[in-house]
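S.K.: So the protein sequences, as listed, match chains A and B.
For what it's worth, our numbering labels the leading residue of the first sequence as 1, then goes sequentially.
For what it's worth, our numbering labels the leading residue of the second sequence as 1, then goes sequentially.
Please keep in mind that the hints were generated in silico from the structure rather than gathered at the bench.
Every residue gets a Cβ at the ideal spot worked out from N, C-alpha and C, and that includes glycine.
Worth double-checking, as some hints may not be accurate.
[What the hints assert, rightly or not] Computed far set for chain B versus chain A, every beta-carbon distance over 10 Å:
hint	residue
1	19
2	29
3	60
4	68
5	76
6	80
7	82
[As the list claims (entries may be wrong)] Below, a list of computed lysine to aspartate or glutamate pairs in the DMTMM-like style, where the Cα atoms sit at most 25 Å apart:
hint	chain 1	residue 1	chain 2	residue 2
8	A	9	A	38
9	A	57	A	26
10	B	2	A	38
11	B	45	A	73
12	B	2	A	59
13	B	45	A	95
14	B	45	A	38
15	B	106	A	38
16	A	71	A	56
17	B	45	A	59
18	A	9	A	59
19	B	106	B	5
20	A	57	A	73
21	B	110	B	15
22	A	57	B	3
23	B	45	A	56
24	B	42	A	95
25	B	42	A	26
26	B	2	A	56
27	B	106	B	7
28	B	42	A	38
29	B	42	A	73
30	B	45	A	26
31	A	9	B	39
32	B	106	B	15
33	A	57	B	5
34	B	42	A	59
Letter by letter, the chains look like this.
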Amino acid sequence: NAGVTQTPKFQVLKTGQSMTLQCAQDMNHNSMYWYRQDPGMGLRLIYYSASEGTTDKGEVPNGYNVSRLNKREFSLRLESAAPSQTSVYFCASREAANYGYTFGSGTRLTVV
Amino acid sequence: RKEVEQDPGPFNVPEGATVAFNCTYSNSASQSFFWYRQDCRKEPKLLMSVYSSGNEDGRFTAQLNRASQYISLLIRDSKLSDSATYLCVVNPRWGNYQLIWGAGTKLIIKP
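Please take these sequences and the hints and turn them into a complete structure.
M.R.: Structure below.
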């Protein structure tokens, strides 16, 4: 089915470990996004890529890096995981700036 | 004041009833608005965009009140399957990539 695919679905990391969350979309969307969702809070934008070859910081970029590998793929890297990064991470894409998002199914990350 | 505020609920509503909830936003220049639905432990899914003239999609009606800076969602003839968290999303500038999300209103439909 067309959509946004995220891997892994679940991950437990120890403090200080690194990992990369993968995201791919097959809808030919230009823009892609990484959000985190914490209990009682709205989704917060970590990084986004308005188009292939560009990336920009969102509201909460500290501790993260991203790579827009090509039009389909947008990865999120945690270089040195901290317990404060325990969250649910969603990747999303959309056709243009004023359209709605299509989200991946999320990655539940726990940092101990 | 948060940029986008929603009553967290939960709203407990009997099946078949009509329920409405609002979302207020602080930036009067905000350009576009959306309602998303999120089921427990799932990703958000677009429910509907909110247009200035109001719009309806089956049992769902969304309205925008720019003067009072809020959007509303009305659900008629509620179904058990409507139980979810409803997220309000605001785009503060036309063409902007950084949308502002509310924390959501939880709706529970009871038989």
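S.K.: Any hints this thing doesn't respect? Which numbers, in order?
M.R.: none
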